[in-house]
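Chemist: Order-wise, the sequence lines are chains W and V. Numbered by the working numbering, the letters in the first sequence go through residues 1 to 267 in order. Numbered by the working numbering, the letters in the second sequence go through residues 268 to 448 in order.
These aren't lab readings, by the way, just hints derived from the structure by calculation. Bear in mind the structure is a predicted one, so any value in this text is a computation, not a measurement. Be careful, since some hints might not be right.
[To be verified] PhoX-like cross-link-like pairs, simulated, lysine-lysine; straight-line CA separation at most 25 Å: (1) 443/V / 6/W; (2) 82/W / 175/W; (3) 410/V / 447/V; (4) 386/V / 422/V; (5) 443/V / 21/W; (6) 175/W / 54/W; (7) 445/V / 422/V; (8) 94/W / 21/W; (9) 21/W / 175/W; (10) 21/W / 447/V; (11) 386/V / 410/V; (12) 445/V / 21/W; (13) 94/W / 206/W; (14) 82/W / 21/W; (15) 140/W / 371/V; (16) 6/W / 21/W; (17) 422/V / 140/W; (18) 445/V / 140/W; (19) 367/V / 398/V; (20) 82/W / 94/W; (21) 371/V / 398/V.
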Amino acid sequence: MFRKGKAFLEVLAIMLHEDYKFPVLELFVFLFVLSTFILMSPTSFQAITFHYTKERMIYALISAQMDIPGIPFLIFLILVLKNIAYGFGSDFEKGTIQVLLSYPLRRSALLTAKLISGLGIPLVMFVGIGIFALYVLFPKLVLNGITYIVISYLAFLSYGLLITAIILLLVIYLKRSGAPLAVGMAFCFLRIIARGLLDLYVEATKRTTPLKIISIFDSSLALRYYCEHTIWSPSSSEVMGYVIISYCLVLGLFLIAYYYFSRRLDI
Amino acid sequence: MRMLSTILGRIGTSILFVCLALMILTYIPPMCVDDSIMAYLLCPGYYFNVARCCDEHGAQMELEIRISANGTFNVYVVSVCSDRLMMNGTLQQLYEFIEKSPDKVLVEYVGNTFEYSIKEAFNTSVIVANKGESALLVTYRVKTYILMVPYSRVKTLIAYLMPLGITFIMQWILMKIKEKE
Numbered sequence: 001m002f003r004k005g006k007a008f009l010e011v012l013a014i015m016l017h018e019d020y021k022f023p024v025l026e027l028f029v030f031l032f033v034l035s036t037f038i039l040m041s042p043t044s045f046q047a048i049t050f051h052y053t054k055e056r057m058i059y060a061l062i063s064a065q066m067d068i069p070g071i072p073f074l075i076f077l078i079l080v081l082k083n084i085a086y087g088f089g090s091d092f093e094k095g096t097i098q099v100l101l102s103y104p105l106r107r108s109a110l111l112t113a114k115l116i117s118g119l120g121i122p123l124v125m126f127v128g129i130g131i132f133a134l135y136v137l138f139p140k141l142v143l144n145g146i147t148y149i150v151i152s153y154l155a156f157l158s159y160g161l162l163i164t165a166i167i168l169l170l171v172i173y174l175k176r177s178g179a180p181l182a183v184g185m186a187f188c189f190l191r192i193i194a195r196g197l198l199d200l201y202v203e204a205t206k207r208t209t210p211l212k213i214i215s216i217f218d219s220s221l222a223l224r225y226y227c228e229h230t231i232w233s234p235s236s237s238e239v240m241g242y243v244i245i246s247y248c249l250v251l252g253l254f255l256i257a258y259y260y261f262s263r264r265l266d267i
Numbered sequence: 268m269r270m271l272s273t274i275l276g277r278i279g280t281s282i283l284f285v286c287l288a289l290m291i292l293t294y295i296p297p298m299c300v301d302d303s304i305m306a307y308l309l310c311p312g313y314y315f316n317v318a319r320c321c322d323e324h325g326a327q328m329e330l331e332i333r334i335s336a337n338g339t340f341n342v343y344v345v346s347v348c349s350d351r352l353m354m355n356g357t358l359q360q361l362y363e364f365i366e367k368s369p370d371k372v373l374v375e376y377v378g379n380t381f382e383y384s385i386k387e388a389f390n391t392s393v394i395v396a397n398k399g400e401s402a403l404l405v406t407y408r409v410k411t412y413i414l415m416v417p418y419s420r421v422k423t424l425i426a427y428l429m430p431l432g433i434t435f436i437m438q439w440i441l442m443k444i445k446e447k448e
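Extracted from the complex, chain W is given alone in its bound form (with noise of 0.2 Å):
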């Protein structure tokens, strides 16, 4: 057991310092920082002249840090297809993963090791740094609206864990750097093109289905429309609902991956 969490360890600062080689975690902390007050600001400013609710001062403030254009959310997706589609695809290429392999450690435990590196800590540093940024701006509201500033954070997070999920798979399956980091670029840019022509066709039609369609791999959609109130007012436990099943989809996704990585990979 003691064995087997030393090995876990070494694989984990192997793969931390592949990934956040000096100074690339600095650099992506003072980047999101700046991006994050510097969209978080203005927003502030609105919120305060329009007297907004403490719902909707919650949800203007983390959507124009995760929201389209959303400088900081897309920095974080860099981070992570670095991480997982360049990084691990390059293991893959390099041959790196056969050594790693050799470690006593259950595949499972590799690829949670590669997670944790590739992922966990983009997203401790990224909700990390736009809770601090709130608090800095508005400590009462942080300290009164955890719960809410909690699910505004796991609705917008929801499309960016399924490219993730989408991205491990491919590198998994393709062992390749290349295509999947493509199509992880495709992914960030496509939502921006899609909610620009959904909102175009809702405008038009007034029709929510296409809404609530999409607030299925993207459930920000939902938190949004909750709190706009404009052609589609969902409730709350709705919210919720477009959440969990969003999760879901995600940890399927992770689940299959995890799954193809332990049973089903030729190495």
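The hints should help you fit chain V onto chain W, whose structure is shown.
Modeler: The following block gives chain V in isolation, referenced to the frame of chain W:
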């Protein structure tokens, strides 16, 4: 031990980069989001609220006020939002408010012109009162600025984070030196 030291060192460098980003943000000058020039005919025995800043959450707003009139007026800068003090009213109401909460009055001034700037305004109102016997034509200009970050709060944070980051980095550097030796 070596791994823990490296992790702490990297956390330290990240903290320093956070401080650097915050320092850059504090050097971004405030952005003017509103500049309004208005006039108001203030009857004797009445007051008027010329500028209100209702920001109970943060400290991101800055106000620059310039008031002038064709006679002498009294100005009170009070630290309340409009819900506790109406937009306009009689002097009696104003005196009652001042008597009840004298600690809320930040500035009191008498004159023909008044210039004032409020840094990091929370809940602030600027009241012009006419204690004279003739009506006053009060013209006022209010400029509202928004700060990228609340300066005082961020400076406090930097003051705490910077030594913490440096401490983490120092132990990392010392460990590296020991390793080389």
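Chemist: Decide, hint by hint, whether the structure agrees.
Modeler: Results of checking the hints against the structure:
1. 443/V / 6/W: Roughly 23 Å between the alpha carbons, so the hint for residue 443/V and residue 6/W holds.
2. 82/W / 175/W: Holds. Residue 82/W to residue 175/W sits at ~15 Å (cutoff 25 Å).
3. 410/V / 447/V: At roughly 59 Å apart (the allowed maximum being 25 Å), residue 447/V and residue 410/V break the hint.
4. 386/V / 422/V: Given that 25 Å is the threshold and the Cα spacing comes to 15 Å, the pair holds.
5. 443/V / 21/W: 16 Å, holds
6. 175/W / 54/W: 47 Å, violated
7. 445/V / 422/V: The given pair, whose Cα atoms are some 35 Å apart, is violated under the 25 Å limit.
8. 94/W / 21/W: 18 Å, holds
9. 21/W / 175/W: 23 Å, holds
10. 21/W / 447/V: Measuring from Cα to Cα gives roughly 20 Å; hence the hint holds.
11. 386/V / 410/V: 12 Å, holds
12. 445/V / 21/W: 22 Å, holds
13. 94/W / 206/W: Violated, at roughly 52 Å.
14. 82/W / 21/W: Satisfied, since the Cα-Cα distance of roughly 12 Å is no more than 25 Å.
15. 140/W / 371/V: Holds, at roughly 21 Å.
16. 6/W / 21/W: 22 Å, holds
17. 422/V / 140/W: Satisfied, since the Cα-Cα distance of roughly 19 Å is no more than 25 Å.
18. 445/V / 140/W: 46 Å, violated
19. 367/V / 398/V: 20 Å, holds
20. 82/W / 94/W: Holds, at about 16 Å.
21. 371/V / 398/V: Distance of about 20 Å is within 25 Å: holds.
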